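Quick mapping for you: the protein sequence lines, in order, are chains A and B. Just so it is clear: in the first sequence, position 119 is 118 by numbering that gives the first Met the number 0, and no numbers are missing. Just so it is clear: in the second sequence, position 59 is 58 by numbering that gives the first Met the number 0, and no numbers are missing.
Quick caveat, the hints were computed from the structure, so don't treat them as lab data. Among the clues, some could well be false.
Each pair may be met inside one copy or between any two copies, as identical chains are not told apart.
To be verified - Under the rule of at most 27 Å between Cα atoms (straight-line distance), these lysine-lysine pairs were calculated in the DSSO-like manner:
| id | residue 1 | residue 2 |
| --- | --- | --- |
| 1 | K29 | K7 |
| 2 | K7 | K68 |
| 3 | K154 | K68 |
| 4 | K154 | K7 |
| 5 | K29 | K68 |
Only a predicted model underlies this, so the values are computations on that prediction, with no experimental measurement involved.
2 protein chains.
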Amino acid sequence: MSGLLTAKPLTAAAFAPYGDVIEIAGAPDKMINQGMCGRHHDRAALDFGPDGRAGISLFDAKARHLPHKVDMVERHPEGSQAFVPVSGVPMLVVVADDNSGVPVNLQAFISQPGQSINLHQGTWHGVLAPLGAPGQYIVVDRIGTSPNLEEHWFKEPFTVVAD
Amino acid sequence: MSGLLTAKPLTAAAFAPYGDVIEIAGAPDKMINQGMCGRHHDRAALDFGPDGRAGISLFDAKARHLPHKVDMVERHPEGSQAFVPVSGVPMLVVVADDNSGVPVNLQAFISQPGQSINLHQGTWHGVLAPLGAPGQYIVVDRIGTSPNLEEHWFKEPFTVVAD
């Protein structure tokens with residue numbers, strides 16, 4: 000299994016099988032601060048496993064570029080993982096379905112300004128890939144001591160190309 | 000009690016009594032993704048109360064400007080609250096000590112590029128205040144049904160001015 004993946008603009012609908020796109024979409028759920036702030040409430044399905052807790056970390060990642068080689072995807076069986084861009088750099092997000100422990104049907108998305116993502120627990124995904132420049136991301140994920148990383152290396156890498 | 004508050008640049012040391020500044024400071028705790036990404040690990044003291052859970056929301060707030068009037072501060076007795084700027088707009092952060100249920104010793108900080116904050120559980124703070132432009136912030140706070148908001152209105156408002 001190998002081939003080309005075309006990177007599509009990230010949308011909540013297309014990403015729904017893999018996770019949440021956290022962005023302004025429609026009216027806020029609630030106005031707070033005397034009408035000065037709209038709260039778009041509780042927009043991610045978080046999960047920190049039976050023995051974990053929520054944590055906030057900061058990821059500082061080197062730039063990636065298209066065409067981008069995908070030779071490995073990983074998943075976190077014990078928890079969700081959210082990425083919030085704090086330096087304005089879009090993310091190339093590679094995700095896959097699972098078929099009995101094997102990642103299949105890879106897809107590639109490019110995040111748009113204002114979009115954050117939350118990968119659902121156990122979702123196969125590529126490494127954090129700031130596109131075109133180094134990027135910093137706040138990460139909300141599971142803190143714990145038991146193993147929470149599974150990697151799958153492809154015999155034939157995929158190549159992500161621009162749309 | 001009233002007066003002027005001078006807004007100082009936000010630093011982790013000055014903010015420590017009130018919460019965490021989540022920023023790149025020093026070497027990463029761990030290199031991941033085959034050396035392409037530094038993880039600054041678990042940088043916030045999160046607390047979601049006895050009956051709450053963690054959630055991710057998006058706040059879309061109107062611009063504030065200096066001089067800025069502070070007629071009220073609030074606190075969340077049941078949980079911490081983190082703010083991550085996703086549109087690059089600095090926050091004016093007003094915090095206070097607690098004296099038997101009354102906020103005292105107000106301080107004002109202005110966040111710097113790359114800084115996110117996490118207000119510790121129960122910390123008195125002003126409303127979310129994007130400085131100079133409307134701002135969007137990812138918020139990690141407690142989701143729950145029991146009351147989690149306490150407000151204190153000042154008889155004489157404070158005014159925050161530039162340093």
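Taking the hints in turn, this is what the structure says about them:
| no. | hint | verdict |
| --- | --- | --- |
| 1 | K29 - K7 | neither (32 Å within a copy, 31 Å between copies) |
| 2 | K7 - K68 | within (16 Å within a copy, 45 Å between copies) |
| 3 | K154 - K68 | within (12 Å within a copy, 62 Å between copies) |
| 4 | K154 - K7 | within (24 Å within a copy, 54 Å between copies) |
| 5 | K29 - K68 | between (43 Å within a copy, 23 Å between copies) |
In the structure shown, a violation is registered for the earlier hint numbered 1 alone.
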